[in-house]
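Trainee: Here is what each chain is made of, one letter per residue.
Protein chains: 2
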Amino acid sequence: MHHSEDISSLALNRLSTYLRCLRLLQESNVKRISSQELARRFHLSAAQIRKDLAYFGEFGIRGVGYDVASLCRRLEALLGLEREHPVVVVGAGNIGRALARFPGFNSGSFRIHGIVDNDPQKVGQRINDLEVRPSSELPQLVQQSQAEIGILAVPAEAAPENYRCLVAAGIRSILNFAPVPLDPIPDIRVKTVDLLIFLEELAYFLR
Amino acid sequence: MHHSEDISSLALNRLSTYLRCLRLLQESNVKRISSQELARRFHLSAAQIRKDLAYFGEFGIRGVGYDVASLCRRLEALLGLEREHPVVVVGAGNIGRALARFPGFNSGSFRIHGIVDNDPQKVGQRINDLEVRPSSELPQLVQQSQAEIGILAVPAEAAPENYRCLVAAGIRSILNFAPVPLDPIPDIRVKTVDLLIFLEELAYFLR
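So the protein lines, in turn, are chains A and B. Under our numbering, the first residue of the first sequence carries the number 1, and numbering increases by one thereafter. Under our numbering, the first residue of the second sequence carries the number 1, and numbering increases by one thereafter.
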């Protein structure tokens, strides 16, 4: 099993996609599947599937295919998804509230344990079973929840300061929805998701 | 100027990022910038900037750098962002509502013209200056607004049907937030944004 730290985002995202597809197969009671059939059902590349999975060890049996349940478990372990990761959200605006309620962020491998905002009007609002707390309480929230991941859902101009607060509170992995590049900090991993970029990508093909 | 249709998502996303950075520079009244300085300020690669921009024509003057305003205009034209693209949203759940209110989706190159849902409890709700309409009105909404882009913000199980409805209504470009692969349809461009994949990517580095 290969455990290099320099695996690319693209390769990780493909493994996540395979896991997503395999779970759908499990729900449909499919026990075993070939790379060809997996590719056909989900519009993936069979060659890429074989290459990606071979890179992480021999998952399949030639001519027999993959055992769906076993491949799911091994991908979960490989991706670090076999346990729940506590998450905190900074920013209770539209995006922060939507993410705090997002089912995928609250099931299986992730759970939102708290949400903070520095706007007194937002503090105290309820979002499902969470109450928005003041940003000053972020350090206690991170400590109590043992949060490992922080979601930054604040406007661009507020992002650098709140980024530093998350790091100061002990968070090492940050999902940033602010459309602004954040200064790299050693040992801190930031994944920036600029939602507007996806619309801009579609606009290119409308010219 | 190169207008190949097979430019990669990654390259397009980098051009969007440069445009975002150049606009920040314009706000700070910076008139001219070198690739080195642009890279330094925004944690980009100077070599990649020069390569990307050279691929699309000669934007810069050696030793003088790029004219910020002119490069902004040319990137906007290249990316198809020099005019407003009308957008409709299908699904008025947490994500759909957040995106309909998202400032970046309602300024400059994009404007949300309508949002539909098939839940009678959501129909009639107000989201800023929009009223949620029933899904049955999607064809009229697309026609009236001349919408070019559809945002699919429905649960995975409802995605295929709503995808077909968007295409039947005349939409050719779709931003899909449902975590499910959609069947390819000729001439229809789909960009799937699986938010959970970004968290899973961070989880990998927490193992």
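Some hints could be false.
What the hints assert, rightly or not - Mimicking DSS-like on lysine-lysine, the simulated pairs with C-alpha atoms at most 27 Å apart in a straight line are:
{"id": "1", "chain 1": "B", "residue 1": "191", "chain 2": "A", "residue 2": "51"}
{"id": "2", "chain 1": "B", "residue 1": "122", "chain 2": "A", "residue 2": "122"}
{"id": "3", "chain 1": "A", "residue 1": "51", "chain 2": "A", "residue 2": "191"}
{"id": "4", "chain 1": "B", "residue 1": "191", "chain 2": "B", "residue 2": "51"}
{"id": "5", "chain 1": "B", "residue 1": "122", "chain 2": "B", "residue 2": "31"}
{"id": "6", "chain 1": "B", "residue 1": "191", "chain 2": "A", "residue 2": "191"}
{"id": "7", "chain 1": "B", "residue 1": "51", "chain 2": "B", "residue 2": "31"}
{"id": "8", "chain 1": "A", "residue 1": "122", "chain 2": "A", "residue 2": "191"}
{"id": "9", "chain 1": "B", "residue 1": "122", "chain 2": "A", "residue 2": "191"}
{"id": "10", "chain 1": "A", "residue 1": "31", "chain 2": "A", "residue 2": "51"}
Claimed, not checked - Per label pair, the in silico range of CB-to-CB distance:
{"id": "11", "chain 1": "B", "residue 1": "139", "chain 2": "A", "residue 2": "189", "range": "40 to 48 Å"}
{"id": "12", "chain 1": "B", "residue 1": "69", "chain 2": "A", "residue 2": "29", "range": "20 to 28 Å"}
{"id": "13", "chain 1": "A", "residue 1": "155", "chain 2": "B", "residue 2": "140", "range": "33 to 41 Å"}
Said to hold, decoys possible - Just a few of them, taken from the derived set where beta-carbon distance is under 8 Å, the chain A residues facing chain B:
{"id": "14", "residue": "42"}
{"id": "15", "residue": "80"}
{"id": "16", "residue": "97"}
{"id": "17", "residue": "145"}
{"id": "18", "residue": "148"}
If you're looking for bench data, these hints aren't it; they were derived computationally from the structure. All values reported here derive from a predicted model rather than from experimental measurement. Don't be surprised by glycine CBs; every beta carbon is placed ideally from N, CA and C.
Trainee: All hints are to be evaluated individually against the structure, with a verdict given for each.
Mentor: Checked hints:
1. 191/B <-> 51/A: Holds, because 24 Å separates the two Cα atoms, which is no more than 27 Å.
2. 122/B <-> 122/A: holds, 23 Å
3. 51/A <-> 191/A: holds, 25 Å
4. 191/B <-> 51/B: holds, 25 Å
5. 122/B <-> 31/B: violated, 48 Å
6. 191/B <-> 191/A: holds, 19 Å
7. 51/B <-> 31/B: Distance of about 21 Å is within 27 Å: holds.
8. 122/A <-> 191/A: holds, 26 Å
9. 122/B <-> 191/A: Given that 27 Å is the threshold and the Cα spacing comes to 33 Å, the pair is violated.
10. 31/A <-> 51/A: holds, 21 Å
11. 139/B <-> 189/A: 40 to 48 Å: Distance hint for residue 139/B, residue 189/A holds at roughly 45 Å.
12. 69/B <-> 29/A: 20 to 28 Å: 60 Å Cβ-Cβ, so the 20 to 28 Å window is violated.
13. 155/A <-> 140/B: 33 to 41 Å: holds, 35 Å
14. 42: holds, 5 Å
15. 80: Where the cut-off is 8 Å and the nearest Cβ of chain B is about 4 Å from residue 80/A, the hint holds.
16. 97: This hint holds: residue 97/A lies near chain B, its Cβ roughly 7 Å from the closest one there, short of 8 Å.
17. 145: violated, 15 Å
18. 148: Holds: closest Cβ of chain B sits about 5 Å from residue 148/A, inside 8 Å.
Hints 5, 9, 12, 17, counting from the list given before, are not met by this structure.
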